[in-house]
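*Asks:* In case you want the letters, here they are:
Number of protein chains: 4
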Amino acid sequence: MGLAMARLLLQAGHRLTVYNRTRSRADQLKDLKPVVAETPAAAARGADVLITMLADDDSLEAVMLGPEGAAAVLPAGAIHISMSTISPALAARLAERHRAAGQVYVAAPVFGRPEAAAAKQLWIVAAGPADALTRCRPVLDALGQGVIVVGDDPPHANVIKLAGNFLLAAAIEAMGEAFALGRKYGIAPADLLDIVNGRLIRSPIYENYGKLIAEERYEPAGFKLKYGLKDIRLALGAAEQVAAPMPLASLIRDRYLAGIARGWGDVDWAALARIAAVDAGL
Amino acid sequence: MGLAMARLLLQAGHRLTVYNRTRSRADQLKDLKPVVAETPAAAARGADVLITMLADDDSLEAVMLGPEGAAAVLPAGAIHISMSTISPALAARLAERHRAAGQVYVAAPVFGRPEAAAAKQLWIVAAGPADALTRCRPVLDALGQGVIVVGDDPPHANVIKLAGNFLLAAAIEAMGEAFALGRKYGIAPADLLDIVNGRLIRSPIYENYGKLIAEERYEPAGFKLKYGLKDIRLALGAAEQVAAPMPLASLIRDRYLAGIARGWGDVDWAALARIAAVDAGL
Amino acid sequence: MGLAMARLLLQAGHRLTVYNRTRSRADQLKDLKPVVAETPAAAARGADVLITMLADDDSLEAVMLGPEGAAAVLPAGAIHISMSTISPALAARLAERHRAAGQVYVAAPVFGRPEAAAAKQLWIVAAGPADALTRCRPVLDALGQGVIVVGDDPPHANVIKLAGNFLLAAAIEAMGEAFALGRKYGIAPADLLDIVNGRLIRSPIYENYGKLIAEERYEPAGFKLKYGLKDIRLALGAAEQVAAPMPLASLIRDRYLAGIARGWGDVDWAALARIAAVDAGL
Amino acid sequence: MGLAMARLLLQAGHRLTVYNRTRSRADQLKDLKPVVAETPAAAARGADVLITMLADDDSLEAVMLGPEGAAAVLPAGAIHISMSTISPALAARLAERHRAAGQVYVAAPVFGRPEAAAAKQLWIVAAGPADALTRCRPVLDALGQGVIVVGDDPPHANVIKLAGNFLLAAAIEAMGEAFALGRKYGIAPADLLDIVNGRLIRSPIYENYGKLIAEERYEPAGFKLKYGLKDIRLALGAAEQVAAPMPLASLIRDRYLAGIARGWGDVDWAALARIAAVDAGL
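Protein chains in written order, with this note's numbering: chain A, 1 to 282; chain B, 283 to 564; chain C, 565 to 846; chain D, 847 to 1128.
Hints are supplied without guarantee of correctness; some may be wrong.
Straight-line Cα separation of at most 35 Å, DSBU-like style, residue types lysine-lysine; simulated pairs [stated by the list, open to error]:
#1 C:K775 with D:K1072
#2 C:K790 with B:K506
#3 A:K184 with A:K211
#4 C:K794 with C:K775
#5 B:K512 with A:K211
#6 D:K879 with C:K775
#7 D:K879 with C:K748
#8 B:K512 with C:K775
#9 A:K226 with D:K1072
With beta-carbon atoms standing in for the labels, derived distance ranges [what the hints assert, rightly or not]:
#10 D:P1050 with A:G237: 27 to 37 Å
#11 A:E96 with D:A946: 27 to 37 Å
#12 B:A472 with A:A118: 42 to 52 Å
#13 C:R781 with A:D266: 27 to 37 Å
#14 C:P784 with D:P921: 52 to 62 Å
These stretches of chain B come out as covered by chain A in the derived footprint (C-beta under 8 Å, 3 or more residues) [claimed, not checked]:
#15 290 to 298
#16 302 to 316
#17 329 to 343
#18 366 to 380
#19 452 to 463
#20 486 to 492
#21 496 to 510
It is worth saying that the hints were derived from the structure and are not from the lab. We put the beta carbon where it would ideally sit given N, CA and C, even for glycine.
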């Protein structure tokens, strides 16, 4: 993901210093000649804008606040654009930390898979101080097909990202159950999809995931089931913070665990639908 | 619903005898001069095609097989187009019964609310013997925007209808939980909907129901919550017949019951989403 | 079940006419010389007390109200003691029917397996008119270790029976999940049971079912999983009648279906716990 | 809880240094003249055995590993008896940490409420190196009615504690649903309890909680609902670590959240049953 985004920024003419835990990743960008940093701190030193795109809360914390972390050396006035799917709680904590250091935190999680990133098709949901958003807008514009500003409170962007992924997972679970029901009556999933999405729901998301499920095509993974679990865990955690029960999210979480217990952690998260099939004896 | 359909048939030039338990309903058609029957049997006697559109399994059974029922007098060779949302089990039983009497059963449940019926915007999912479908096609064409033929086994059409309604209810439940989460963080449902459906899911169904939920506009009911319960009960019953667990359908059923216990049986079924809000203390 | 009960009645000195769909069953009682009837009606004709113990609502309806059914010939003033696990709705309907015919309906479902019946260890939960309960008390006393009278409204007894079975199933589900968790950490179910039931819960029910689960001893079945499904379906149906959501009952129902889809309909209903194990990859 | 335990140790003749964040708590022990430490470190310095009983993982981590924490100064060879209800993950981490420092970690969580602790009625589930368990046995024996040794792997004791609390919460949820069903049919919870627990389940746990629920007596809290949530969260977290789905635990978690959203965080955790009543319109 980060690789695709770095390429877009370089192609848009931005000067870029890149850092990745696995240094060889940067080699794939060598035609575009970025500066390659050895540590997060080295990447952040002297930067106007710092962009992070990491797997989870722990990774982001390590990169920002750990040894050789970026937060300590980021210049006052610099903007940290945090694009990972993380908890709103961590977003709030980092925002506070940056504010105390005279830096600025902008939450900017994205919707879209790596191939969407490469094609500049990401949607970016951004929240942070208005002037900071204006200042870093050219950077965000270089990274996706659109930027949706949702106010000045960074965690809002993260909640919206988590709510969005939850809705996708819910659609997958619903199709999984509906297709399993249909199959037991001898109705082909593709036919059912053609009717219910083709005439009623008419969503490209249902179309794409519906096809994966209908064809049981869970490999290679576009987005791994174990990351689906991570995101639903974040959604449930965010909901617990504000005492909002989400029983459908709980159901999805339990199904992901049943998938992981069966060894499906690395197949596509659409394999959530496979649990419904297995439970129906299919 | 039946009223809108009768109007369309008369306007298309079909000769029609109508029957409704509440006789005065037929008065609304008097400008189109249908024959009005006093009993189901009177409506079926001598008919080429018999169309039924009733509230549930029990009503359809009463009209077809009860005293003064239609089945006993329907001519051999006549087609019964059964358009109610009923159980596949009843469809199978009626199909068998008609076959034994030399009559033909066509299942043709519809997607769309009464106003869609009035505007000839229904989608009709039809299953039955191919020649019967050909013969009654002009009738079906007069009733909706499209006919989707799904084979010769009538219950298939009913399963597809139930699966479709389940998917809609699942989308409502998912939005209900997502919106409640967002609201607890101070995010307006309309904003969340604008992002997650406007950019990602892009479904008119999510748009319509999402707006109802965002605006908490559950009255007047387009489709009553108690009928939502009826349909999910039918889906769960159909799934039980073939040993297909549908935990999301179970969740939705329990939520409908919680709504009915709160006196919401007659508000719009989108009020399913209100349970998520109430449970979050909203 | 009926066999064990008939034996107890004969041993207690009651005069008994028996009827079973499978006539040869009565042969097992031949040392006690009951009268054997060819039809339900033949068994009911002239009886003071009619006892029914059948598999489900449909069987009871057939025996009472079908061709050669018992209701039509039961003398005025006679008592029908209905001991099957049935829906409160059917109990109410039959009570009304008998009342209209000058007969009396007593609901008297039982707790206990066939071997408990044979050992006169059943608990009988009885509801009906007080004088009828007094009159038939010697019969009930001959059939179990105790009679618990719960008022004069027959459906109450059925609701209590269904609530009781639900609590047993809930305990099995809870142990299933707890044991699966323990096993994944290397804790033997027997050890966990010894602590949590031996010291905390201290219930013979947990002890018995806990052992079956710990030893994965699901055959031969004491009570078949498919009957567990039937009873939870009745509980959910009874709850739906009064708009009481029971999400734990729904969860159990879905798990039974997952078991039946795997071919476990005829193993012991404690195999509910096996689903938790399977879902955990055990 | 800690207070009651300190009193038992002093009464048993052990020499004791106590530490509590709220210093005044120790005043309640002044008749027994314990040494009162100002910091965790001060309490641990020179100790043979260190006992911790804290609210959650974070508190234990702070006391052991934070500034003025106990771990750094605990002598080599000393035993840390960790009695809090914490995650098995933290138990494993602390055990490793102590081992590296030549100290010994014993997990010894307890079953029982504060009043049980005061009456020396706790059950202690202990896991750790066998020789350490032997050495600290007199301390454990002074604290409860029995010590159950479950091997040498400390997290095992924590998993058993979490599984036990889950089983209690499951019993409460089950009774909540069963009682709500009964109430809607006009059956008093006390009568239902008398039958289902009095004759079938026969558990003192069901008796105690069943009475609280039947009488809707949720205040004062014996164990607060928010701690029930904490424990079920720990159970779900422990289960996620090993990919064991626990849908009943998820259901209970969602219900606790619904309770907390209604402002019931500080009432007794048996109020879990109140959600079932509210959802049934009671």
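*Asks:* Are K184 of chain A and K211 of chain A close enough, with their CA atoms no more than 35 Å apart?
*Replies:* 18 Å, holds
*Asks:* Could you grab the alpha-carbon distance between K879 of chain D and K775 of chain C and see if it respects the 35 Å cut-off?
*Replies:* It is violated: about 48 Å lies between the C-alpha atoms, which goes past 35 Å.
*Asks:* Taking beta carbons only, do three or more residues of the stretch 302 to 316 of chain B come closer than 8 Å to chain A?
*Replies:* violated (count 0)
*Asks:* Do the beta carbons of P784 of chain C and P921 of chain D sit within 52 to 62 Å of each other?
*Replies:* 59 Å, holds
*Asks:* Sort out whether K775 of chain C lies within 35 Å of K794 of chain C, counting only the CA atoms.
*Replies:* 24 Å, holds
*Asks:* Compare the distance between the alpha carbons of K790 of chain C and K506 of chain B with 35 Å, and conclude whether the hinted pair is satisfied.
*Replies:* 34 Å, holds
*Asks:* Taken at face value, is the distance from the CA of K775 of chain C to the CA of K512 of chain B at most 35 Å?
*Replies:* Distance ~40 Å between K512 of chain B and K775 of chain C Cα, so the pair is violated.
*Asks:* Taking 27 to 37 Å as the hint, is the beta-carbon distance of R781 of chain C and D266 of chain A inside that range?
*Replies:* Roughly 36 Å apart at Cβ, these two residues keep to the hinted range, so it holds.
*Asks:* Against chain A, does the stretch 486 to 492 of chain B show at least 3 residues with beta-carbon separation below 8 Å?
*Replies:* Answer holds; 3 residues pass the 8 Å Cβ test.
*Asks:* Just to be careful, I want the Cα atoms of K226 of chain A and K1072 of chain D compared with a cutoff of 35 Å; is the pair within it?
*Replies:* The given pair, whose Cα atoms are some 29 Å apart, holds under the 35 Å limit.
*Asks:* Going straight from one Cα to the other, do K879 of chain D and K748 of chain C come out at no more than 35 Å?
*Replies:* 45 Å, violated
*Asks:* In this structure, is the beta-carbon distance linking A472 of chain B and A118 of chain A contained in 42 to 52 Å?
*Replies:* 32 Å, violated
Taken one by one, the earlier hints fail for this structure at numbers 6, 7, 8, 12, 15, 16, 17, 18, 21, listed in ascending order.
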